[in-house]
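We have chain A already, so just place chains B, C and D with the ligands on it with the hints.
Spelled out from the first residue to the last, the chains are:
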Amino acid sequence: MRKLINAPAGVVADALRGLAAAHPELRVDPGLGTVVRADAPVTGKVALVSGGGSGHEPLHGGFVGPGMLDAACAGEVFTSPVPDAVIAATAAVSSGAGVIHLVKNYTGDVLNFRMAAELAEDEDIEVESVLIDDDVAVEDSLHTAGRRGTGAALFAEKIAGALAEEGAGLGSVAAVAREVVTRSRSFGVALSPCTVPEAGTPTFELGEGEMELGVGIHGEPGRRRVKAGTATEIVDAALTAIDADMPLDGADLLVLVNGMGGTPLIEQYVAYAAVADWLAGHGATVARPLIGPYVTSLEMAGVMISVCRLTPDLTRLWDAPVQTPGLRWGR
Amino acid sequence: MRKLINAPAGVVADALRGLAAAHPELRVDPGLGTVVRADAPVTGKVALVSGGGSGHEPLHGGFVGPGMLDAACAGEVFTSPVPDAVIAATAAVSSGAGVIHLVKNYTGDVLNFRMAAELAEDEDIEVESVLIDDDVAVEDSLHTAGRRGTGAALFAEKIAGALAEEGAGLGSVAAVAREVVTRSRSFGVALSPCTVPEAGTPTFELGEGEMELGVGIHGEPGRRRVKAGTATEIVDAALTAIDADMPLDGADLLVLVNGMGGTPLIEQYVAYAAVADWLAGHGATVARPLIGPYVTSLEMAGVMISVCRLTPDLTRLWDAPVQTPGLRWGR
Amino acid sequence: MSAAAWIIRAAALVASEADRLTRLDAAIGDGDHGHNLDRGFTAAAAAIDGAAVDREAPPGRILIAAGRAIVSRTGGASGPLYGTALRRAGKALGDAPVVSAAGLGDALRAALDGVTELGGASEGDKTMVDALAPAVAACENALAEGGDLETCARAAAEAAAAGADATVPLQARKGRASYLGERSIGHIDPGAVSTALILRALAETAS
Amino acid sequence: MSAAAWIIRAAALVASEADRLTRLDAAIGDGDHGHNLDRGFTAAAAAIDGAAVDREAPPGRILIAAGRAIVSRTGGASGPLYGTALRRAGKALGDAPVVSAAGLGDALRAALDGVTELGGASEGDKTMVDALAPAVAACENALAEGGDLETCARAAAEAAAAGADATVPLQARKGRASYLGERSIGHIDPGAVSTALILRALAETAS
Ligand SMILES: Nc1ncnc2c1ncn2[C@@H]1O[C@H](COP(=O)(O)OP(=O)(O)O)[C@@H](O)[C@H]1O
Ligand SMILES: Nc1ncnc2c1ncn2[C@@H]1O[C@H](COP(=O)(O)OP(=O)(O)O)[C@@H](O)[C@H]1O
Ligand SMILES: [Mg+2]
Ligand SMILES: [Mg+2]
Ligand SMILES: [Mg+2]
Ligand SMILES: [Mg+2]
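Chains as they are written, first to last, in numbering that gives the first Met the number 0: chain A, 0 to 330; chain B, 0 to 330; chain C, 0 to 206; chain D, 0 to 206.
Don't read these hints as lab results, they were simulated from the structure.
One thing to keep in mind: the hints can contain errors.
Covered stretches of chain B, going by a simulated chain A footprint (3 or more residues, C-beta under 8 Å) [as the list claims (entries may be wrong)]: (1) 13-19; (2) 218-231.
What follows is a set of in silico ranges between Cβ atoms, one per label pair, in the way DEER data are often shown [claimed, not checked]: (3) A:Thr314 with B:Asp318: 24 to 34 Å; (4) C:Asp48 with B:Val225: 33 to 43 Å; (5) D:Ala161 with A:Gly280: 50 to 60 Å; (6) D:Glu181 with A:Glu209: 33 to 43 Å; (7) C:Gly49 with B:Gly208: 33 to 43 Å; (8) B:Asp248 with A:Glu209: 50 to 60 Å; (9) A:Glu122 with B:Thr310: 46 to 56 Å.
Calculated from the model, a selection of chain B residues having no Cβ within reach of chain D, i.e. all distances over 12 Å [said to hold, decoys possible]: (10) Gly97; (11) Ser171; (12) Gly208; (13) Asp235; (14) Thr314.
In this text, a Cβ means the ideal position worked out from N, Cα and C, and glycines have one as well.
Just chain A, with the same shape it has in the complex (with noise of 0.2 Å):
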């Protein structure tokens, strides 16, 4: 296990810390595992919560701020977080206008997500929970947990949170977060495994010349053990999965290639390359690109592609200012 850690166990509270040094602009607290807004409760306006597992970064701490999540909830690595946890987040967040709960559909998450909800609704709070669920790999979701959440969570935190800062009520902002699922889709493909820290051996083995189709972002293997093959083999594999759930012809996309943690920024533009290529085959237009690490497992080497089919009002919120540690752009 090559890490930059002290103790396994202390990953998540010392990388909590840390965040917290460098970002005054948050109230982190460590031990708990919640990141906050400082300047929150801000008045009159919606919140948004969401969190899941570490071992996503900059998913979800890093997206809190002005323009996206009010507060984030940080379980250990790949752990759901606690339902305590997501009630501190909700009640520092809440200022009467309610909260939106923005969950990936995993079965600990939804679980720890309506128990708190559940408390937090004792205590007055509104709660709205919002239930993203993006990830095509998971074929026969009516016989399974259903699809993963994965990087439509960004979308939907960074979309439903512009619309929060303009002002909507809570269930405006929900049905935008909605939306913005129903229109996302992604697709995860590994090359190496990850290692949770506590656990210290890889997820699984994966041979030289071999990579997983269809992962999802807990270092977990995919639906498909195949050759592995090239940017463009790996693309396509990625976006015809995508195109036979929610055709893509004469979308307006916006399209994250996200590195999974362990590849490099350079791979991460050839995959791109490859993305604009087949997209401009098949009839669809990328509005808005992004492409970094945004949505991780660890150090698993890989990409994982989504889209979602932008609306004019959708392209909006995505353009409007956002301030965060992990995704900034505007005023």
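Coordinates of chains B, C and D with the ligands only, in the frame set by chain A:
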């Protein structure tokens, strides 16, 4: 070799095609390896050109844009760009106010940029070259090729870029770049090697439980191989080496905790927590932190720490707006 | 039966098996189950050992406190599920000062109901339910045959172990393993294994 | 001597040894030397083979064109150094229609001067100079002893090979290998090896 690429020989051109597709605000020549602000030459503005081998992304191509570089030249992986590319970039950005070459101190970069500068002067373009040599891991620099240029390249590009954007003259912009270099130091640690695509095998072998201290950003072995340490120990080694060369006590610092390409952000924040602790314990203040993979060495795992002793002027220039693919804030 | 002894024994077993549980979870999940449970049960045992819980309190109260600690510290899917199971079991026991064999049957049944209501899994979905459901049935059978507390607890533990083993050939339909589709076949479910472990702790301390 | 034949033969040797040169560079540099040179010499050979250069031009002109192509396509430290070496050699030959033994001596000396002026390395710094300098000396010796072109070229090639081998125990003081300090000891310098290779091509084509 687990890489998201098409053909080893085409990696740089493919990545530049991706950069071009994603960033219409840049004029990219993937064959020659140049990345130029689309609005260049900017009338009356001193222009900044940097470059070097590829494999360090987002450095340098990702730092082209308002407030930073006017152009970058991307050589093959870890290979200095050829003079032809440097001349083309220099000519493309020259508005008559002079061009600064920001050159990392490697024999290849120095020679290729020097040849280009001579040819540019033949065409009546005034060129000032600024050498970046911040890496304290190169000891005894009188009997070596001298200190390598690493993280200070980002500092110099950002700060000199801001001053050029303000309309300062060639001499002042070159002077501030040199001031940044003089006030900056770096030290890198590798937890894994990396593989140059065309070579196909790792640049060195590292046993489990070992690390390399004092590496550069070209996958080369470092000064010493030691037992792998904790984040706290690694940070201590790096900052002790820096402090011995340029005392940090009482300094107001710009600090870069730089992921080497294969180390995920969570670990970079763990390292930053240790950096913040170390500096606080040694009487230094972090005025501006920056954490992320900005100056990479392909998929190498590890971290480089760079510091710059700020002055109020340097801080103002660091804070000035910047709009590039890799660094973006303000405005 | 001492609820405190059960939880403390369960915490010890989980701690010693944490690496194995995590390895099982790495094969078809995300490689954290053992460390999740270890964190949760350590917190539960600490709550019982510390000032937080009156060790002389009725067993039902102790299980509720343990369940709360598990919810508060475990995270993941197993945290809410085990936490709810223990809280429901505790509620079923109410303020009874001692646990009877029948009380144990009610408690385990309530735990199972809590898990299936919250998680929505049925038997055969390759989850902890595949260990817990046969355990409840075996406990109720033993009770119907006039078994005492110890007998009922042992029956539950044995059935849970067999149920866990029987998850190997199943294709997962709930939890992370379900993402793997057919590739989940051939692996044991880590949550079923941990359920068997927790019920082994029950059998060892029920007397 | 056909300058074109020399460059084309050098390109072929560099291509076939590119992987080995890159591996040598990985040990004490950054693992690109072979592929750099391959790119550069392929471009030089293509310039000679293509319309860019008149193959009937004087040898000096051909070397200048080859040097330009190498500067334009190689990159790294070796591109400017080898490019300058060939350009200087070509300039030394001037427009002479054939290369004499004395002309070769002058050309190699000019190449060495170009490399040391540009790169600032001295003998013993563990660079290509450690192959080129003894080659020049050996060529001049052979010339003083009345050697013909072929003899002089062979003497240069042999001395370059010996000079390259002699870089193994040296500690690098120039180029990337110098960053390694004492760890550069025990490895052969890749640029010295490629210089020996290029001069081997010279010996093979000088007749
Ligand atoms: N819906 C569910 N109902 C019952 N048990 C479940 C459900 N989902 C998952 N589990 C159990 O949880 C176990 C995994 O727990 P754990 O690894 O701690 O959480 P996570 O899956 O969130 O990482 C699985 O092995 C399975 O037994
Ligand atoms: N200052 C110098 N003078 C002469 N030769 C040098 C100098 N610096 C480097 N070299 C030669 O260049 C070789 C490395 O070339 P190459 O790998 O292509 O370039 P880079 O070092 O830029 O990656 C070294 O092995 C050495 O022989
Ligand atoms: Mg988990
Ligand atoms: Mg090089
Ligand atoms: Mg798990
Ligand atoms: Mg090299």
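Here is what the structure says about each hint:
1. With a threshold of 8 Å between beta carbons, the proposed coverage of the stretch 13-19 of chain B by chain A holds, since 6 of its residues qualify and at least three are required.
2. Check on the stretch 218-231 of chain B: 4 of its residues sit with their Cβ under 8 Å from a Cβ of chain A, so the three-residue criterion for coverage holds.
3. Between Thr314 (chain A) and Asp318 (chain B) the beta carbon distance is about 29 Å. The supplied range of 24 to 34 Å therefore holds.
4. Checked against the hint of 33 to 43 Å, the C-beta distance between Asp48 (chain C) and Val225 (chain B) comes to roughly 42 Å, which is consistent with it.
5. Against the hinted window of 50 to 60 Å, the Cβ-Cβ separation of Ala161 (chain D) and Gly280 (chain A) comes to about 57 Å, which satisfies the hint.
6. Between Glu181 (chain D) and Glu209 (chain A), the C-beta spacing of about 40 Å keeps the proposed range 33 to 43 Å intact.
7. A beta carbon spacing of about 38 Å between Gly49 (chain C) and Gly208 (chain B) agrees with the range 33 to 43 Å that was offered as a hint.
8. The given range of 50 to 60 Å is respected by Asp248 (chain B) and Glu209 (chain A), whose C-beta atoms sit roughly 52 Å from each other.
9. The supplied range of 46 to 56 Å is met by Glu122 (chain A) and Thr310 (chain B), whose beta-carbon atoms lie about 50 Å from each other.
10. With 12 Å as the threshold on Cβ separation, the claim that Gly97 (chain B) sits away from chain D holds: the shortest Cβ distance comes to roughly 24 Å.
11. The Cβ of Ser171 (chain B) sits about 30 Å from the closest Cβ of chain D, beyond the 12 Å cut-off, so the non-interface label holds.
12. With a least CB separation of 19 Å from chain D, Gly208 (chain B) remains clear of the 12 Å interface cut-off, as annotated.
13. For Asp235 (chain B), the shortest C-beta to C-beta distance to chain D comes to about 21 Å, beyond the 12 Å cut-off, and the non-interface label holds.
14. Separation of Thr314 (chain B) from chain D is adequate, the least Cβ-Cβ distance of about 32 Å exceeding the 12 Å criterion.
No hint from the list above goes unmet by this structure.
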